[in-house]
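Engineer: The lines below spell out each chain.
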Amino acid sequence: MTDHSALAALSAHLALLSSISFGGFPTVLPDVRNFVVAAHGWATDREFTDFFAMAQTIPGPNMILMMSFIGWKVAGFPGAVVSAFATFGPPCSIYFVAYRMWDRFRHARWQEIVRRGLIPVTLGLVVASGTVMARAADAGWQAAALTAIAAILMLGTRMNPLWVLFAGGALGGLGLL
Amino acid sequence: VLCLQYAHLPILRNILGGVSAVAAGLLIATGLRLLSPHRHRPVAVVFAVLAFILMAFTKLPLLAVLFGLVPLSIAAAGIEKARAG
Chain A
721 MTDHSALAAL SAHLALLSSI SFGGFPTVLP DVRNFVVAAH GWATDREFTD
771 FFAMAQTIPG PNMILMMSFI GWKVAGFPGA VVSAFATFGP PCSIYFVAYR
821 MWDRFRHARW QEIVRRGLIP VTLGLVVASG TVMARAADAG WQAAALTAIA
871 AILMLGTRMN PLWVLFAGGA LGGLGLL
Chain B
22 VLCLQYAHLP ILRNILGGVS AVAAGLLIAT GLRLLSPHRH RPVAVVFAVL
72 AFILMAFTKL PLLAVLFGLV PLSIAAAGIE KARAG
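As given, the protein sequences belong to chains A and B, one line each in that order.
Take the first sequence: its letter number 122 is residue 842 in my numbering, and every next letter is one higher.
Take the second sequence: its letter number 12 is residue 33 in my numbering, and every next letter is one higher.
The following block holds chain B by itself, in its conformation from the complex:
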């Protein structure tokens, strides 16, 4: 909290800028790494990409995105499983 009081100092600004750029990259990497076991499931890839686009590039609220995609995604996973036997 003390840091916040000094957040206007240029040097601290710059450091925080660097850290937040990296932290954003870490978040992206975490998502991609956890996703990689599912990369051979076309259904999973489609829904991951849809979720990504809807949340990153539209101003839709999260609630709408989740309620729109999750039921469809679960249904698709069910069909996928039924086909696989």
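The following block holds chain A by itself, in its conformation from the complex:
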């Protein structure tokens, strides 16, 4: 496949996914991985998790960054720009149109029901996404343990996530994983 058609396929897929990314873009990560790594082989699992790690450590809109890394890998600089637009364009425009309507019915009964129905599905997807990313990294039991410890620390304490990320990087850098 040429760079151009690959980029067209990638951006169309990202635009579709970002339009249905209830609960934030992390919910669609497993699907992106399937598309980019498993179906098209544009990047390896290793690269995919590297992109994820880097996007999470740099301040800013992490998922847009991560998708532009993938776009960069597929088609260079234009790929990065197009992927970034495909990631934030559709949800921004949907949000812009939908928010006024959603707000008008804020106290309607049906809206609460829709919200209560969407929340669990969305959050199940977020947890699935973390699991898929951990598995894609596929670095043995030490890394799996680190993932579990990080999750427990975040749930059990009010620690700043940056410290945990930093500690993870340090452990990895020391060759302990």
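Please note that a few of the clues may not be correct.
Distance condition first, Cα-Cα at most 20 Å in a straight line; then the derived EDC-like pairs of lysine to aspartate or glutamate [unchecked claim]:
{"id": "1", "chain 1": "A", "residue 1": "K793", "chain 2": "A", "residue 2": "D723"}
{"id": "2", "chain 1": "A", "residue 1": "K793", "chain 2": "A", "residue 2": "E767"}
{"id": "3", "chain 1": "B", "residue 1": "K102", "chain 2": "A", "residue 2": "E832"}
{"id": "4", "chain 1": "A", "residue 1": "K793", "chain 2": "A", "residue 2": "E832"}
{"id": "5", "chain 1": "B", "residue 1": "K80", "chain 2": "A", "residue 2": "D765"}
If you're looking for bench data, these hints aren't it; they were derived computationally from the structure.
We have chain A; now place chain B onto it with these hints.
Structural biologist: Then chain B, alone, in the frame of chain A:
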């Protein structure tokens, strides 16, 4: 982007490996924490677990999972609400 050019250096590889393991854990924690106010709603727990299993352990596309689960989940939430009065 510069970092990516050097991603093959072993030390950087290892650091990124550690960071991505933690980042995955943070994502899991975020999902679980936001879910915890709903943990006493059996309906919510069932649909969260279903969504988790379908996306984490099958190769179904997200679109299929969403269109399959969301209508059912909203319907279940409606019934739950009607029962509660």
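Engineer: Keeping to a limit of 20 Å between CA atoms, is the pair of B:K80 and A:D765 held or broken?
Structural biologist: The hint holds at about 15 Å.
Engineer: Are the Cα positions of A:K793 and A:E767 separated by 20 Å at most?
Structural biologist: Holds - the C-alpha atoms of A:E767 and A:K793 are around 9 Å apart, at most 20 Å.
Engineer: Keeping to a limit of 20 Å between CA atoms, is the pair of A:K793 and A:D723 held or broken?
Structural biologist: Roughly 10 Å separates the two Cα atoms, so the pair holds.
Engineer: For the pair supplied as a hint, B:K102 and A:E832, is the alpha-carbon distance within the 20 Å limit?
Structural biologist: Within the cut-off at roughly 9 Å; holds.
Engineer: Please work out if A:K793 and A:E832 have their alpha carbons no farther apart than 20 Å.
Structural biologist: Status violated; Cα separation ~42 Å.
When held up to the earlier numbered hints, the structure conflicts with hint 4 and nothing else.
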